Every structure is written in C-alpha cells, then in structure tokens.
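Asks: Single-letter residue listing:
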Amino acid sequence: MATKRRAIDRWAPWMFLGVLLLSWELSVRIFNIDQFVLPSATASFMALYDNFGAIMYNTWPTFWTTMVGFGLGIVVGVALGVVIGSSRFMYNGLYPLLVAFNAIPKAAFVPILVVWFGIGVLPATLTAFLICFFPITVNIAIGLATIEPELEDVLRALGASRAEVLLKVGLPRSMPLFFASLKVAITLAFVGSVVSELAASNSGIGQLMLSAASTMRVPLMFAGLIVISVMATVMYQVFAVLERRMTAWATRGMDAQR
Amino acid sequence: MAQAFVDFERVYLAYDETSGNAVEDITLSIRQGEFIAIVGPSGCGKSTFMKLCTGLRPPTQGTVLVDGRPVAGPLKIVGMAFQAPNLLPWRTTLDNVLLPLEIVEPYKTNFKSSRGEYADRARAILKTVGLQGNEDKFPWQLSGGMQQRASICRALIHQPDLLMLDEPFGALDAFTREELWCVLRDLWQEQRFTVVLVTHDLREAVFLADTVYCMSKRPGRIIARREIDLPRPRDLEVTYEDRFTAIVHELREHIGRVRKT
Chain A
1 MATKRRAIDR
11 WAPWMFLGVL
21 LLSWELSVRI
31 FNIDQFVLPS
41 ATASFMALYD
51 NFGAIMYNTW
61 PTFWTTMVGF
71 GLGIVVGVAL
81 GVVIGSSRFM
91 YNGLYPLLVA
101 FNAIPKAAFV
111 PILVVWFGIG
121 VLPATLTAFL
131 ICFFPITVNI
141 AIGLATIEPE
151 LEDVLRALGA
161 SRAEVLLKVG
171 LPRSMPLFFA
181 SLKVAITLAF
191 VGSVVSELAA
201 SNSGIGQLML
211 SAASTMRVPL
221 MFAGLIVISV
231 MATVMYQVFA
241 VLERRMTAWA
251 TRGMDAQR
Chain B
1 MAQAFVDFER
11 VYLAYDETSG
21 NAVEDITLSI
31 RQGEFIAIVG
41 PSGCGKSTFM
51 KLCTGLRPPT
61 QGTVLVDGRP
71 VAGPLKIVGM
81 AFQAPNLLPW
91 RTTLDNVLLP
101 LEIVEPYKTN
111 FKSSRGEYAD
121 RARAILKTVG
131 LQGNEDKFPW
141 QLSGGMQQRA
151 SICRALIHQP
161 DLLMLDEPFG
171 ALDAFTREEL
181 WCVLRDLWQE
191 QRFTVVLVTH
201 DLREAVFLAD
211 TVYCMSKRPG
221 RIIARREIDL
231 PRPRDLEVTY
241 EDRFTAIVHE
251 LREHIGRVRK
261 T
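So the protein sequences, as listed, match chains A and B. First residue of the first sequence: 1, per the working numbering; consecutive thereafter. First residue of the second sequence: 1, per the working numbering; consecutive thereafter.
These are calculated hints, taken from the structure and not from any lab test. Please note that the accuracy of each hint is not assured.
Stated by the list, open to error - So the derived label-pair ranges between C-beta atoms look like this:
no., chain 1, residue 1, chain 2, residue 2, range
1, B, Ser42, A, Ser161, 30 to 36 Å
2, B, Thr245, A, Leu242, 55 to 61 Å
3, A, Leu242, B, Asp120, 52 to 58 Å
4, A, Trp64, B, Gly133, 37 to 43 Å
5, B, Thr245, A, Tyr91, 50 to 56 Å
6, B, Glu227, A, Ala248, 32 to 38 Å
7, A, Ala248, B, Ile223, 48 to 54 Å
8, B, Gln189, A, Leu167, 34 to 40 Å
What the hints assert, rightly or not - Capping the alpha-carbon separation at 25 Å, the derived lysine-lysine pairs in DSS-like fashion look like this:
no., chain 1, residue 1, chain 2, residue 2
9, B, Lys112, B, Lys127
10, A, Lys168, B, Lys217
11, B, Lys217, B, Lys260
12, B, Lys108, A, Lys168
These figures come from a predicted structure and were not determined experimentally. Just so it is clear, CB atoms sit at the ideal spot from N, CA and C, and this is done for glycine as well.
Turn these sequences into a full structure, and let the hints steer you where they fit.
Replies: Right, dumping it as structure tokens:
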C-alpha cells in the first residue's frame, strides 16, 4: 500500500501535465480557436520540432546568460546577506533600501541597461542578476540574524571572533534557507534574462519569440515558452536535489521531530 | 584565606541607562576548584552573573577578577553549558564536542594535524558521561538528556579551569536530572575544575555545591551565603537525609522571603 502510494506521488506531476496538455489540445479543437490566437499543444510541439535547430541555437545564449546572472546573484546575494545579517546597524540601514529596490519592476531596468551597455548579452545577464539576488540576500541575512544567543555566547566565551562564529555556526545554519532561496532565484533569473531579451537582444529565446511574433508565427512563440519553462524546471530540480544532499540534516531533523 | 580564583568586588551591572541595575553590589569569591551554586527566583540576574564571570559583559561598576586578573573580554579558560543543549544539528555528536578545540588556542593551530588525538579525547569524555556508541549520531537522533550530556562534554573538552552552567538540567525529567547530577559530580570529583552552577532547583544546588548563594529579585543582590558541609563524595541517598532537607528548607525560606517582597 505504501509503495503504491509512493508510486502515485512520483507520477502525480506527469499525470497533471498530461491532463493540462490534453485539456489545452481539446479546448483548442472543440472551440475551434484560431492558431493566431492560441495554437494547439500539438501545433506548438510541431513548431518546436520543425524549428529545433533555431530554437537550440537560441536556447544556449538564454541558458548561459541566465546562469551567469544567477551566479552573480549568488555571489552578491550571499555577500550582501552576510553584511546585513551579521550587523544590526547594517540590517537597519540597508534592508529598507533593498526592499525599495526590489519593488522596482526589473523590466524597467532593461532600457537603462541597454543605454549603458548596448544591445547584447550583457543587459540580459544583468537583468537576471538584478531579479534573483534579493531572495538569496534575505534568506542568508535571516539565517545569520537568528543565531541562538546562547550558542553565540558559548563561542564568544571561548574567544571566537565574529568571523569564526559566522563560519562555524552562521553560514552552516543558513544553508537550508540558502538552498530554498536558490530554487526561487533560479526561476526568477530565467524571467529576468528572457524579459531583457524580449526588449533588446540579437539572440536568445526571448529574441526568437519576438521575431516569431513579428511574423505571426504564434506556435513558435509557444514553443519558446515551453523551452523556457523546461529549462527553468530542470534547473529548479537540480537545486532541489542539491538542497537535499547538502542540508539533509535539516529535513531529517524535522522527520525525527514528527 | 586562600587565593580567590574568581573575585567579585562590589559589582554592579546595568545593561543600559534606562533599565536600572540587573545586579547590584555583588561581592563574592570562589576558590580554585570550588563548586558554587547560585539560586534565586527567575529573572534575578543569574544569567547576568554568568556574563560578568565569563567576560561577555564588563561590569558597570566594581571589579571582576578571574585568576588574579581583571576580566577584560571573553576568557578562553571557561566552558559553558545552558538549559538548551544548543548542539549544531549539522555536526555529529563527536564533531559537536570537538567544536571548542577548533576555536581555542593552542588546539586551534594544530587542530588538523592532531584531529585523531583530539577525537580520542572527545570519545573518552563522551564515555565518561555514558554516550559511547553515539559519537557518529546527529543531535536530533539523541534524547534530550543525551544532548545535554553532549553539551556538557563540549563545555569540558578544552579542559577549562572554570565551568559555567546555566540551568543545565532545567529542561530534563526528574530521573534524568538526578542521573546527570551524578555525572557532573563524578566529573568534578575527578578533574576539580571550578564550577559556577546557576539553577532554581535548591536540591540540585545543595547536592552538588560547596557553597550556595541566594540572590534576590531584580536588581539581583546576594542575600545569603550557605556553605554546604555535607561530606564528599556525596551519594544520591544523601538527598533523603534530614540534614540535607534542613539545608534545602533553610534556603527555601530565603527565596520565599524575597519572593514576597
């Protein structure tokens, strides 16, 4: 019974995906929706198949600009998180600014970045970075700011420096939060790079979709959406697995408490 | 009089200007190897006393001498354990116990090269508290009592001269608590470090300590000092004797008086 349940759990996402695709296909056919409005699932996948070369050619730039922006987001996000989380002064001073910054729609940055850096991969990379560092910063900062005071006393009474407390306790205990934030950040990074490509770029899925739109090849646009979402889901899963590996102590600890 | 190891001379501490004193006019001295207990109603500044003792907080007024020198900043010769075991959940029991050696000199410098030797020492001390066989378990795989044992091992691994215990057995059930009293008694009997035990359990204080100090409500003052002249080594049976009960009663009266005021 238990193994059967587990099998159902494992297949559940695929079942729902199937239901979604099926209802997409059927509703387009039943209501006879025009291809220029909403192409059917099969038409979208056919477009994906027919333009596979062009799509792959554009997938790569989107992927790596996203990953570079994401990498930058991790570095800056962690650094800012450490700064904010380890000092009350910094927390009080910088956190409101960060919140205000985060409230700005990142799409609004794209024209500015284009003015600064021209059309190309740089605005996409930077937009991905700008949109994804915030959750990482917040989670690292929370992890560091919530160290148990007694634990800090234990270490400080031994003569531990701030850096040692950070290294031995602060960062390890922030890891579960950090990995959770990576899962959020990686999907946001894809949003950032594609939004930027849509506005100004000569390559990437966003640019492909834009040129498909100009020739009314709507199925190809949907094919682009599918590719983006597959990429983001795969990367999300990569970080989900990494999370389970790196911070097994956190989840296993919870299992034991239950 | 023997040279005092910890010496408080008219010590006051206020955390900030508005809140008033947390402790007032504390004068006491602790001999090397003495086991003292501080009892008092909750919020009486017992934990403040710990902070003063370990140099985590400088006194607002008065002087705190440890080992003949004024305390100016955290002391490496102390070990601490609290009511919550505070073990790091990502470390095994053994690695948790080894933590102080990664921070305190001279162990820190050669921690990598001497790790094997230190691990043996950690295993030995875990064995004395009955945790052998649990070295590679994670804290959440241990019971509350076992975690607290590990926490005490962590406090003792770097062979501190001064062990500070802040209600270390407060969260345990009565049986486990009495068991750990004996563990602590044996460790102390063997190694003779100086102990400051902060507790609100009078029986615990009388059973373990050489000298018990009673503190008043906040602002904490020392209102009574009682030497416990029960012979050592003390067996748990002693807690059922009349003279033991008499001392507990006597201390209880002091506490009762401050609670009423």
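Asks: All hints, please: hold or fail.
Replies: Results for each hint:
no.: 1; hint: Ser42/B / Ser161/A: 30 to 36 Å; result: holds (33 Å)
no.: 2; hint: Thr245/B / Leu242/A: 55 to 61 Å; result: holds (60 Å)
no.: 3; hint: Leu242/A / Asp120/B: 52 to 58 Å; result: violated (35 Å)
no.: 4; hint: Trp64/A / Gly133/B: 37 to 43 Å; result: violated (51 Å)
no.: 5; hint: Thr245/B / Tyr91/A: 50 to 56 Å; result: holds (52 Å)
no.: 6; hint: Glu227/B / Ala248/A: 32 to 38 Å; result: violated (51 Å)
no.: 7; hint: Ala248/A / Ile223/B: 48 to 54 Å; result: holds (51 Å)
no.: 8; hint: Gln189/B / Leu167/A: 34 to 40 Å; result: holds (37 Å)
no.: 9; hint: Lys112/B / Lys127/B; result: holds (23 Å)
no.: 10; hint: Lys168/A / Lys217/B; result: violated (37 Å)
no.: 11; hint: Lys217/B / Lys260/B; result: holds (10 Å)
no.: 12; hint: Lys108/B / Lys168/A; result: holds (13 Å)
The structure shown violates the earlier hints numbered 3, 4, 6, 10.
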